[in-house]
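Peer 1: We have chain A; now place chain B onto it with these hints.
From first to last, the protein sequence lines are chains A and B. No gaps in the numbering here: position 280 of the first sequence is 280 in our numbering, and each next residue is one more. No gaps in the numbering here: position 262 of the second sequence is 262 in our numbering, and each next residue is one more.
If you're looking for bench data, these hints aren't it; they were derived computationally from the structure. A quick note: this is a predicted structure, and the numbers were derived from the prediction, not measured. Don't take every hint at face value.
Which copy? The list can't say, so a pair holds if one copy fits it or any two copies do.
What the hints assert, rightly or not - List of simulated lysine-lysine pairs, DSSO-like, C-alpha gap at most 30 Å: (1) 10 / 121; (2) 55 / 129; (3) 131 / 121; (4) 10 / 131; (5) 229 / 353.
Protein chains: 2
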Amino acid sequence: MKSQNANGSKVVRVGLLGLGNVGAGVAEILSTHGEMIEARAGVPIRIVKALVRNKRRKRQGAAGDVTLTTKASDIVGASDIDVVVELMGGIEPALSYVTDALAAGQTVVTANKAIVAAHGKTIFQAARKNKRDVHFEAAVAGGIPIIRTLREALASDRVTELTGILNGTTNYIVEAMASGQSYESALAVAQELGYAEADPTLDVNGADAADKLAILIGLAFGASVTRNKFGCVGITELTGEMMMDAAELGFAIKLLARARRVVTGGVETIQAGVFPYLVPLGHALSAVPDAQNAIYVRSDSLGTTLYQGPGAGGLPTGSAVVADLIEAARNVAAGTRGRSTVQPTRAGPKLAKSGDTVCPWYLRLTVAEKPGVLAAITTLLADESISLATVSQMEPSGDDNEVGIVMTTHPTSTGAMERALKKMHRLKVVRGEVQVLRVYAE
Amino acid sequence: MKSQNANGSKVVRVGLLGLGNVGAGVAEILSTHGEMIEARAGVPIRIVKALVRNKRRKRQGAAGDVTLTTKASDIVGASDIDVVVELMGGIEPALSYVTDALAAGQTVVTANKAIVAAHGKTIFQAARKNKRDVHFEAAVAGGIPIIRTLREALASDRVTELTGILNGTTNYIVEAMASGQSYESALAVAQELGYAEADPTLDVNGADAADKLAILIGLAFGASVTRNKFGCVGITELTGEMMMDAAELGFAIKLLARARRVVTGGVETIQAGVFPYLVPLGHALSAVPDAQNAIYVRSDSLGTTLYQGPGAGGLPTGSAVVADLIEAARNVAAGTRGRSTVQPTRAGPKLAKSGDTVCPWYLRLTVAEKPGVLAAITTLLADESISLATVSQMEPSGDDNEVGIVMTTHPTSTGAMERALKKMHRLKVVRGEVQVLRVYAE
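Bound conformation, chain A alone (with noise of 0.2 Å):
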């Protein structure tokens, strides 16, 4: 394929693979700001065909002048597109588009955080091996730049500990059980709002969040992980009782992926997972409304940062999109394509065993009121070595002389927690299930 520059037409020329909601954001906003976008890419860019599975349906604004097609091939690999924008999501067939497109000499921009996190090194390797770049600022928290600014502002950094907040839906249901709606009904208004998916499992269960953190470890780490690679628990199973007790103890709940540096006997690991944990309400975490996305870092030199806003919707997550276009368009004019935006996973460091990594926790128990529980409990505790913290009893709540403990404990290695919880369930003074949360330390 020949560049721009090459064949003198003077354009970007792009294809979108998908016209939903994002394709239409990244319509409207070539269409409304395509003055400004131009003198910035020093080139115009221009949307020269979509792939859409339905030809006929009507679209609005910008979307609706968009040339449509129904055959990947005017777009993957096609002489007259530079750029393939891949907002399809889901693994095939988009992965053989993108690998496709960059065979032929082609530039890819995607937000398909599911590609990157799972075949991020076919994706990289197909672009090193034919000179072209992969952007995928928009895979990643929509309108937060955290790709490029691990890339590029953290390039001369050490990342120690990387945590966010990167699911909006979730972070809006935790927030509206924390002001006392039930798990149903906080998800039923997510799903009014359109933050949730009519099949929300991939958001609460935290794989969209641990498949943007594999992504994230990846660039801030230099290690190579896919999401199935480290612990990953929801918001499923969060109860209003939690969200009043993590008030009472001045924390906020909040799904959190995080990923850490850690050196133990002279070994680096990376202790990383995705949980629901109570965060001090003075972090800024803990403030994070609705649903936006936060992500909070900490490197060497320059301590820590804080990058927040919204983590998606059409509007924000092209706005993500356009700003790789314009990238790629300068990087196509110039013919300097291929040049350094795909960083080579190196040999970064391995991910810790789950059972190795460590926190401190948040324990809930119901136990019969009688003396001597509690003595059992923190001895069975105590053999496991784990100190507490805070030890509360609640207001029994029923009439069958039942009590509820709340307690927090020091940083405990989650083996060692898993031992414990295994034995107090054996206790016959412990009644039903012991609700276990992490708590989030520096």
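Peer 2: Just chain B, lined up with the frame of chain A:
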């Protein structure tokens, strides 16, 4: 000057102008993270020389290994230096060194807000003319990648508001005052901690924040302005009484550098200025702690995003310089200098007249305790079409028949407020100066 690719030395050679706090940070980061930085830049980056006043002074850490010179011409225009890093501060000779370096074909990285704010046009013209780049991430908000974000991530968007805490020293002092310290003692502690200079004038009078705001206005709105074109009030007039009033009303006082796009009668202007504001406690900017900086950006597509982190210090600022160095090195090595990084200053919207800028206000008056006083004041305000949001009478502070009144207004132009204040001061029942602060509203 030959480029690295041309002369085959395969290393990007850097000369530092100045080897103080930030210069030492740059040396330290390049030495500690050299391997990682080389991987990311694609080429080694080496400090060849540093210009200092006193060659004999002992320097700690990596700075101790740098070859020193007292002759600027060993760096500026020298054939063995690819990138000149200007860390001197002040206007001259820094400005001449920067333009001379560009004229000699060198790339420039600067952390000097003063020259970019006051002479940005000259510098960017020199860069364009010589097809070279000027990078200045470190000039604003130290370690927060706001320049990069405005230039790259927000390149696809239209910014409508930019509000920042751009001076860490004053943020530290104001926070300490909110917890009961006097201005003088808070300043003394800030000086002890190294946050404030021995002569803190440019911090506390707002000039430092105003310089940074002028730079950001250029990037965000395409308007070319210098700091003397908009209002600027520092923190020296803040009192403990104001702090207590603010807390009681649900606000924190912060020194904000603010610019907003406002359309009045079909004409778009930028309302800009640096002033102490009452910020509602729910707003992210109200909670920015210590000497941190933060920038809150509102734009058409993205909505609101927040960037928070350390605004000063050798390592954070050094880290921003090295991020720029990495970008510069990639361009030097690839022979793609002068490609894209400096935006021409476009003919953006004009600044609004200071009297036309609009916001809600906080007023504190000491008045004679007698009937009809409040009526006289509210009538006077009504004459200027100023409507009140809240009025509260404070406990009498002394025994001389005086009483404090605290009022907040609905949005009012600065012109109307100034006229009302003039009239108020003429009333016999008003004792002493009326204290006035702006209130932050979106």
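Peer 1: Does each hint hold? Answer for all of them.
Peer 2: Hint-by-hint comparison with the structure:
Taking CA atoms no more than 30 Å apart as the test, residue 10 paired with residue 121 passes between copies only; the shortest distance there is 28 Å, against 33 Å inside one copy. For the identical chains of this complex, residue 55 and residue 129 are neighbours neither inside a copy (35 Å) nor across copies (49 Å), given an alpha-carbon limit of 30 Å. With identical chains, the CA atoms of residue 131 and residue 121 are at most 30 Å apart within one copy only, with a shortest distance of 15 Å there and 36 Å across copies. Proximity of residue 10 to residue 131 under the C-alpha cut-off of 30 Å is found in both arrangements, the shortest distances being 21 Å within a copy and 21 Å between copies.
In the homo-oligomer, the alpha carbons of residue 229 and residue 353 lie at most 30 Å apart inside one protomer (9 Å), although the nearest pairing across protomers, at 58 Å, exceeds that limit.
In summary, the structure is inconsistent with hint 2 from the numbered list given earlier, while agreeing with all the others.
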